[in-house]
Amino acid sequence: MASFFWMDLSDEVEMKSVILKQGLELNPINDEIYINDLNGLSSFYAWNGEHKEMKYVLNKYVDYSYFGNKGIRGLCLKLMFVQQYNQKIQQKNYSSARLLASKNINQRNLEIISPWLSDMKAFDEFYKAKHMIPNCKI
Numbered sequence: 365m366a367s368f369f370w371m372d373l374s375d376e377v378e379m380k381s382v383i384l385k386q387g388l389e390l391n392p393i394n395d396e397i398y399i400n401d402l403n404g405l406s407s408f409y410a411w412n413g414e415h416k417e418m419k420y421v422l423n424k425y426v427d428y429s430y431f432g433n434k435g436i437r438g439l440c441l442k443l444m445f446v447q448q449y450n451q452k453i454q455q456k457n458y459s460s461a462r463l464l465a466s467k468n469i470n471q472r473n474l475e476i477i478s479p480w481l482s483d484m485k486a487f488d489e490f491y492k493a494k495h496m497i498p499n500c501k502i
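Per the working numbering, the very first residue in the sequence shown carries number 365; after that it's consecutive.
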């Protein structure tokens with residue numbers, strides 16, 4: 365499961381970059397992306413078992429040579445999208461039929477991944493420790 369998730373992360377880098385650069389429109393398309401990202405991230409979080417700290421996850425998956433750096437950037441951008449879209453939903457008091465229908469699941473998934481959302485600095489620390497150029501920006 366992890367390798368498929370990591371592959372998806374690396375494949376989504378360009379799309380997430382464009383979405384984040386353009387600003388987050390509150391609309392049904394981004395609602396679906398948000399819901400799917402929450403579901404995927406919460407599953408990936410749970411899949412990591414007892415080793416859920418972002419530092420551990422980054423160090424473990426950087427070894428996937430094909431996906432490595434691009435996958436790490438993809439994870440960062442996916443987390444940024446979820447975090448920023450959720451903040452915008454809250455600020456604008458936005459809702460849609462789709463968000464309402466999955467409200468409880470979305471909230472549960474958001475709570476599950478909240479340790480990762482609270483530890484976004486781990487990406488910068490990871491890049492610094494690996495003597496790499498920080499790549500967790502839009």
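It should be emphasised that the hints constitute simulated quantities derived from the structure, not laboratory data. Any given hint could turn out to be false.
Here are the simulated EDC-like pairs of lysine to aspartate or glutamate, each with C-alpha atoms no more than 20 Å apart in a straight line [stated by the list, open to error]:
| # | residue 1 | residue 2 |
| --- | --- | --- |
| 1 | K467 | D483 |
| 2 | K424 | D483 |
| 3 | K492 | E475 |
| 4 | K501 | E414 |
| 5 | K456 | E414 |
| 6 | K424 | E489 |
| 7 | K385 | E489 |
| 8 | K434 | E489 |
| 9 | K419 | D488 |
| 10 | K485 | E475 |
| 11 | K416 | D427 |
| 12 | K424 | E475 |
| 13 | K416 | D483 |
| 14 | K501 | E475 |
| 15 | K456 | E396 |
| 16 | K501 | D488 |
| 17 | K467 | E396 |
| 18 | K419 | E378 |
| 19 | K385 | E396 |
| 20 | K452 | D372 |
| 21 | K424 | D372 |
| 22 | K452 | D488 |
| 23 | K467 | E389 |
Hint-by-hint comparison with the structure:
1. K467 <-> D483: 24 Å, violated
2. K424 <-> D483: 17 Å, holds
3. K492 <-> E475: Violated: K492 and E475 sit about 28 Å apart, past 20 Å.
4. K501 <-> E414: Since the Cα atoms of K501 and E414 sit roughly 28 Å apart, the hinted pair is violated (cutoff 20 Å).
5. K456 <-> E414: Judged against 20 Å, a Cα distance of about 36 Å means the pair is violated.
6. K424 <-> E489: Satisfied, since the Cα-Cα distance of roughly 15 Å is no more than 20 Å.
7. K385 <-> E489: Answer violated: K385 to E489 is near 23 Å, above 20 Å.
8. K434 <-> E489: Measuring from Cα to Cα gives roughly 17 Å; hence the hint holds.
9. K419 <-> D488: 10 Å, holds
10. K485 <-> E475: Since the Cα atoms of K485 and E475 sit roughly 19 Å apart, the hinted pair holds (cutoff 20 Å).
11. K416 <-> D427: 17 Å, holds
12. K424 <-> E475: 23 Å, violated
13. K416 <-> D483: 11 Å, holds
14. K501 <-> E475: 24 Å, violated
15. K456 <-> E396: Holds. K456 to E396 sits at ~18 Å (cutoff 20 Å).
16. K501 <-> D488: 10 Å, holds
17. K467 <-> E396: 12 Å, holds
18. K419 <-> E378: 24 Å, violated
19. K385 <-> E396: At roughly 18 Å apart (the allowed maximum being 20 Å), E396 and K385 satisfy the hint.
20. K452 <-> D372: Violated, at about 25 Å.
21. K424 <-> D372: Roughly 17 Å separates the two Cα atoms, so the pair holds.
22. K452 <-> D488: Cα-Cα ~24 Å, so violated.
23. K467 <-> E389: Holds, at roughly 19 Å.
In terms of the numbered hints stated before, the structure departs from hints 1, 3, 4, 5, 7, 12, 14, 18, 20, 22, listed from lowest to highest.
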